[in-house]
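With chain C held as given, fit chain W with the ligand onto it using these hints.
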Amino acid sequence: MQNRIYSGRFIVLSALLMVCGSVSAAENYTLTIKEHRFEPEELEVPAGRKIKLIVKNEDSTPEEFESRSLKREKIIPGKSQATIFVGPLDPGTYDFFGEFHEESAKGRILAK
Amino acid sequence: MLATAIIVFREVIEAALVISIVMAASRGVPARGWWIWGGVGGGLIAACVVAVFADTLAEAASGVGQDLFNAAVLFTAVAMLGWHNIWMQRHGRELAREMNQVGKAVVSGERPLYALAIVVGLAVLREGSEVVLFLYGIASADESSAGSMLTGGVIGISFGTAVGLAIYYGLLRIPTRHLFRATSWLILFLAAGLASQGAAYLVQADLLPPLGREVWNTSDWLSEDSLIGQILHTLVGYVSRPDGVQILFYLATIAIIASLMRLFGDEPARPVGH
Ligand SMILES: [Cu+2]
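Protein chains in written order, with numbering that gives the first Met the number 0: chain C, 0 to 111; chain W, 0 to 273.
These are calculated hints, taken from the structure and not from any lab test. All values derive from a computational prediction rather than experimental measurement. Each hint should be verified, as a subset may be incorrect.
Output of the computed footprint for chain C on chain W, the stretches with three or more beta carbons under 8 Å from beta carbons of chain C [to be verified]:
#, region
1, 31-44
2, 120-133
3, 201-208
Glycine is no exception: its CB is placed at the ideal position from the N, C-alpha and C atoms.
The following block holds chain C by itself, in its conformation from the complex (with noise of 0.2 Å):
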């Protein structure tokens, strides 16, 4: 019985651990948000693999990354930042922008 329930411990820590794991397999790429636009405006990353996309936002207004090509849309309150996971992409260009303030907050991904 005991080791029934260390086992099925076992498999439940390990399953995490392999969330954990492709969590952290994904390469990390930043963008800022800084009145009301994104730095960098364009960002290269590699095709064929998953993005680890972490969005910080500078400014003390809430703004929402917002991509139809690349299917996301999320909301960075004031002064915080939230991950995004992408991909793998195909090679090409993705636009975004920022819901919020779409005159000023552009910005696009070359999937390399």
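Chain W with the ligand in isolation, oriented as in the chain C frame:
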């Protein structure tokens, strides 16, 4: 001001459509007003709480807390909609029969209105927290624009509500004896759409594989940003570039709810003695 109105409208319309379907589905139930507007009120309060803690939520779970939260909210709503449909399938027939005899008020009062109240509350919570966060963000950044922000917000909320009302009154034109059936179909598709949205959040958080990125692309033909696209997105879960896993969740939700409706819904045929 126009930008504010459009952004608020986009958020409000989703909640408004959910409320209108739930209102139509509970037509004629005496206490429904309490439950539904209670759900809306509870959702608004919760939305403000979520907006206040938005930064904590965003940074939680290594930056995917918001996605996990959204997915949890969506899947809870799916479960509640499914439960309502299964319950209705079981009792709807009795209900319809007894409506003529006992009068519908007593019998239909037993319906699981709390499930619908939770659905409404969750929809308001999800969309409302975005609106609150957005409006608060503008107001705190630039006090001079507070007036035009308020106007934009009010315009957005009014238009969103108007679309919801239009759908509601449209549904009411369906004769009562078909209304149960029509709303249970609508709820089935609504639930499937929410499940596929939930799956998309889990892909974004890297907890589910996409199983094929962008299985098709109909965004040139019908964009989700258009009014029709957005309405279809909420009502039947239309997505112009779905991931494989979204299609899987969509179909699985329909299959599971529909088979549970069959399994628990069909009463043994007993002679009613007409
Ligand atoms: Cu929304």
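Verification of the supplied hints:
no.: 1; hint: 31-44; in the structure: violated (count 0)
no.: 2; hint: 120-133; in the structure: holds (count 3)
no.: 3; hint: 201-208; in the structure: holds (count 5)
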